[in-house]
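Chemist: The chain contents come next:
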Amino acid sequence: MSSLRTEGLTKSFGGVLAVNGAAVELLDGKINGLIGPNGSGKTTFFNIVTGMIRPDSGRVLYRDREITRHSPHRIAHAGIGRTFQLCRVFPRLTVLENMLVAVRRTRLRELLAGLRDTGEVERARHWLRRMGIEHLEEAEARDLSYGQQKLLELAAVLMAEPDLVLLDEPAGGVNPALIDRIVSLVRDLNAEGRTFLVVEHNMDMVMGMCDHVIVFDRGAPIAQGPPAVIREDPRVLEAYLGV
Amino acid sequence: MNLLLQGLALGVLTGGLYALLASGLSLYFGVMRVVMVAHPAFLFLAAYLTYTVHTTLGVDPFLALPLTVPLFFALGVAVQRLLIARLAPENLAMMSVLLTFGIALTIEGLLGTFYTGSYKSVSMEYATRSLTIGGVHLPYDKIIAFGVAALTLAVLFAVLVKSRFGQALRATIQHREAARLVGIQTERVAGYGFGVGLATAAVGGTVLALITPFFPASHWVWIGKLMAIIVVGGLGSVVGAALAAILLGTVEGLVLVAVDATWATMMFYVFLFLTLLARPQGFFGGRLAHRF
Amino acid sequence: MRTVSRGLPLLVAALAIAYPWLAPNYYLVYAGALTVMYAAMSTSWNLLGGFTGYVSLGHSAFFGLGAYGTGLLVARLDLPWVLALAVSALLVTLFAVGVGIAAVRVRGASFVIVSLALVSMMNLIVQGWRSLTGGSTGLQVPSPFPDLHRGQTHMVFFYLFLALLGVALLAWWYISRSRFGAGLRAIREDEDKAESLGVPTGAYKVAAFALSALFVALAGGLYALWFGSLDPIFVFSILIASYMVLMSLLGGVRHLFGPLLGALIVAPAGEYFLIALGETQIHLTATGLVLVLVVLFMPDGILAKFTRKRAGPSIPDESADQRLQGVAP
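Those protein sequences? They're chains F, C and G, same order as listed.
Just so you know, the first sequence maps onto residues -11 to 231 in our numbering.
Just so you know, the second sequence maps onto residues 76 to 367 in our numbering.
Just so you know, the third sequence maps onto residues 33 to 361 in our numbering.
Quick caveat, the hints were computed from the structure, so don't treat them as lab data.
You may find that some hints are simply not true.
Said to hold, decoys possible - Ranges between beta-carbon positions, derived for each pair:
| # | chain 1 | residue 1 | chain 2 | residue 2 | range |
| --- | --- | --- | --- | --- | --- |
| 1 | F | P164 | C | P164 | 32 to 40 Å |
| 2 | C | R161 | F | G213 | 36 to 44 Å |
| 3 | G | R209 | F | Y228 | 48 to 56 Å |
| 4 | F | N163 | G | R209 | 35 to 43 Å |
| 5 | C | A336 | G | K337 | 44 to 52 Å |
| 6 | F | D199 | G | K337 | 51 to 59 Å |
| 7 | G | Y59 | C | R161 | 38 to 46 Å |
| 8 | F | E110 | G | K337 | 29 to 37 Å |
| 9 | G | A46 | C | R354 | 50 to 58 Å |
| 10 | F | R113 | C | Q249 | 42 to 50 Å |
| 11 | F | D199 | G | L123 | 56 to 64 Å |
To be verified - Some chain G residues close to chain F (C-beta under 7 Å, calculated; not the full set):
| # | residue |
| --- | --- |
| 12 | I157 |
| 13 | L201 |
| 14 | A214 |
| 15 | A218 |
| 16 | E221 |
| 17 | D222 |
| 18 | K225 |
| 19 | E227 |
| 20 | S228 |
| 21 | G230 |
| 22 | P232 |
Claimed, not checked - Anything over 10 Å on all C-beta distances counts as not near chain F; from chain G, calculated:
| # | residue |
| --- | --- |
| 23 | L40 |
| 24 | Y62 |
| 25 | L104 |
| 26 | L109 |
| 27 | L115 |
| 28 | V129 |
| 29 | R137 |
| 30 | F177 |
| 31 | V231 |
| 32 | G234 |
| 33 | I314 |
| 34 | F338 |
Remember, predicted model here, so these are calculated numbers, not experimental data.
We put the beta carbon where it would ideally sit given N, CA and C, even for glycine.
Here chain F stands alone, though its shape is the one from the complex (with noise of 0.2 Å):
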């Protein structure tokens, strides 16, 4: 089964065209990722994908159905996750609070059932003891450390049960341990089932733990293949150095 899938992506900002024609199609169970240099479309492209901007043509595929100008949280419903490049979370709700907020299925039942809905708190200090960070569950998230932060961001990605988990930026701002950790757990997560797409600008992370990369320059993808190749591969090269 095909996982997400792009044709012909386009987008303009008044004269910048920041994303011309993009093909792309993820490798369904793999570890994807997207690396590119300063203004290649790489977070444009990962914004129209996300229901966070409308592009001006083309189509965005998950699964064969069209998901192409969908707000957000439908493809959130159709299981797709994300993270933000800047780490996002709800600074004044607690740890477990913020896990709380993913809806998988809006339904009127669901929404109204009591906060302290046992099965879901479960799940969530599941989660949570997974990312070691259960011991916080009662405390501020804005009084968390910025790697606890980006832990509990990917935590209450994950508790929308997404099939594909899209990243922004993981390593950014986060110490090189913090890393190790983000990238084992990537893999264990990846090994359960589920599609990821990496964007990122550390190349030994991207190069050590994905399946599948794809390069963008000057908005479109230039080339996609396996780290091995990719790193062999004249025109990365260019697109890399010759800025």
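Once you have looked at the hints, place chains C and G on chain F.
Modeler: For chains C and G alone, kept in the frame of chain F given last:
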């Protein structure tokens, strides 16, 4: 047909005044991301002051301007530095609305207490006559209003575009951090920007006193109208506000002669809601809108 | 401390129920009923403001519509008052859904502006269509309890408003403990983030908007039946709208009893000023000044000072990592 031309002409003239009044509002928003709900209240404060000057000193209301303009400029700086600047940046948009709303209530209460609730107006002999061109009557007071508004707007644009202060102000609007980095004292500039905004209110208030009767609660109608103008024009865009002002003024003028006064005012709200439904960021510019 | 916090609401509730019998004269019963009415309206307002952070300065539009709806149904169509109240509230809520769908397309201060425009529009309409709204003398609404004298009517409506307050508090409490409430709070904290987690933010906001309009409309309807005479200038006034905001803000928007506390402070004070200073407009100034002071110096409200959450332990990254790797910190 003549009636429609009449409505059109009046509408355009009034639109010029609206443009002046709305430009101040755009300025506050651009400089400080503050929605200055109290702007119309200050307009009428100026109108009442003009009235007082006119009735106690017996002079032409425009002679009140040398008094009111510097006073309001100072008031604007004071409001910004002493009140607005104290607000925490995270909730600024909302808290500034509540703060300025409180200021508007305060002003209205004071006006009602000192002047009572009855309608006041200022009329000058020369202003009650009309100029007639091709069957269309253009009242002198509206022509004067348009003229003063256009002149003030021209001065405002000149200051914004040509002067160093104007440059600093525009830099602060576009990117506060960057402005600071090049040495602009953004705190002071913001204060002066606010002052300029209220100074335009002083001019607008004097003009308003001349063309329409007013009472303490008049400002609420103007909040609706001015907000509609800057939403249609695009938040943060002074040019957008001016264009939207002419458009809505014209529509109002036409509907006024074609239907009635209630519907004429209603048009502002219709345009407001339609803009929100169709294009919330406004029609004539204002890239700041989506951050709002 | 626990017994105090459990006991206090019960004590206040008991006092509230006994109040009309304890009050020395009917004027105070009237003032009490007015206070409870404002408390119910502010709590209702806070269903939107407190949870989502969307501040409406125009909620008196719903008060006025509820009042006129109920009044017209009773006066012109001879409906029994309970039915008129219910139908009017339902219609106003449906209207609120429609308005809400447009209004929540904008955020923050734009939304506030829209709410102001709404109530301004209502004012314009009722003043323009005087034939419908009873002309300059206002609409006369026959009392549902014609056999009672005024003082007794005050007592009855005290309890009716108290019941409304109870329902509003219950709704607020229930939502604050539900997934819906968690979603609303997430909207307040970070709306885009909430949407990316699957929260249908548009629908949630409209639901909160409509719900907040419902109880305010009911309060308006009860007001119409109580006072018997409706003046459009008053029921659609900005003053009522600003009271709702001020009371909630003063008491604390993030607390169940915040609006109630705010009402207990502001409503009697307003009544007092009205009597002491007469019909001048100075009470507008007083309201405005208090609002300015609250915004500047205590935007979180009074109750926030009493219920500060314990700041959670902030453990540095290193020991968190050690935990993760099973190493003792």
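Chemist: The structure should be examined with respect to each hint, and the outcome stated for every one.
Modeler: Status of the hints after comparison with the structure:
Our hint of 32 to 40 Å for P164 of chain F and P164 of chain C holds, since their Cβ atoms are close to 33 Å apart. The supplied range of 36 to 44 Å is broken by R161 of chain C and G213 of chain F, whose beta-carbon atoms lie about 57 Å from each other. Between R209 of chain G and Y228 of chain F the CB atoms are about 52 Å apart, so this pair conforms to the stated range of 48 to 56 Å. The given range of 35 to 43 Å is respected by N163 of chain F and R209 of chain G, whose C-beta atoms sit roughly 38 Å from each other.
One distance hint, 44 to 52 Å for the beta-carbon pair A336 of chain C and K337 of chain G, holds here, with the actual separation near 49 Å. In this structure the hint that D199 of chain F and K337 of chain G lie 51 to 59 Å apart at CB holds, the actual value being about 54 Å. Range check, Y59 of chain G to R161 of chain C: about 40 Å between beta-carbon atoms, so the 38 to 46 Å window is met. Here the CB-CB span from E110 of chain F to K337 of chain G is close to 35 Å, well matched to the stated 29 to 37 Å.
Restraint check, A46 of chain G to R354 of chain C: a C-beta distance of roughly 55 Å satisfies the suggested window 50 to 58 Å. Between R113 of chain F and Q249 of chain C the beta carbon distance is about 47 Å. The supplied range of 42 to 50 Å therefore holds. D199 of chain F and L123 of chain G have their C-beta atoms about 59 Å apart, which keeps the hinted 56 to 64 Å range intact. For I157 of chain G, the interface hint is violated, the least distance from its beta-carbon to any beta-carbon of chain F being 34 Å, above 7 Å.
Taking 7 Å as the C-beta cut-off, the interface hint given for L201 of chain G is violated, the closest approach to chain F being about 17 Å. Hint status for A214 of chain G relative to chain F: holds, with the closest Cβ pair at about 5 Å, below 7 Å. For A218 of chain G, the shortest C-beta to C-beta distance to chain F is roughly 4 Å, which falls under 7 Å, so the interface hint holds. Restraint check, E221 of chain G versus chain F: the minimum CB separation of about 4 Å is within 7 Å; hint holds.
Interface restraint check: D222 of chain G against chain F, minimum CB-CB distance 6 Å, threshold 7 Å, status holds. Checking K225 of chain G against chain F by beta carbon gives a least distance of about 5 Å; that is within 7 Å, so the hint holds. With its C-beta approaching chain F no nearer than about 4 Å, E227 of chain G sits inside the 7 Å limit, and its interface hint holds. A distance limit of 7 Å between C-beta atoms decides the matter here; for S228 of chain G the minimum to chain F is near 5 Å, and the interface restraint holds.
Among the interface hints, the one on G230 of chain G holds; its C-beta lies about 4 Å from the nearest C-beta in chain F, closer than the 7 Å criterion. Taking 7 Å as the C-beta cut-off, the interface hint given for P232 of chain G holds, the closest approach to chain F being about 5 Å. With a closest Cβ-Cβ approach of about 23 Å to chain F, L40 of chain G is found to remain outside the 10 Å limit, as its non-interface label requires. Non-interface call for Y62 of chain G relative to chain F: holds, since the shortest CB-CB distance, roughly 38 Å, exceeds 10 Å.
Under the 10 Å C-beta cut-off, the non-interface status given to L104 of chain G relative to chain F holds; the minimum distance is some 33 Å. Distance to chain F confirms L109 of chain G as a non-interface residue, since its nearest Cβ pair spans about 34 Å, more than 10 Å. Every C-beta of chain F lies more than 10 Å from that of L115 of chain G, the closest at about 27 Å, which supports listing it as non-interface. For V129 of chain G, the requirement that its beta carbon stay farther than 10 Å from each beta carbon of chain F is met, with the minimum near 16 Å.
No beta-carbon of chain F is positioned within 10 Å of the beta-carbon of R137 of chain G; the least distance is around 12 Å. Non-interface call for F177 of chain G relative to chain F: holds, since the shortest CB-CB distance, roughly 36 Å, exceeds 10 Å. Under the 10 Å C-beta cut-off, the non-interface status given to V231 of chain G relative to chain F is violated; the minimum distance is some 5 Å. The beta carbon of G234 of chain G sits about 8 Å from the closest Cβ of chain F, which is not more than 10 Å, so the claim that it is off the interface is violated.
At roughly 38 Å, the least C-beta separation between I314 of chain G and chain F is larger than 10 Å, which holds for a residue marked as non-interface. Separation of F338 of chain G from chain F is adequate, the least Cβ-Cβ distance of about 17 Å exceeding the 10 Å criterion.
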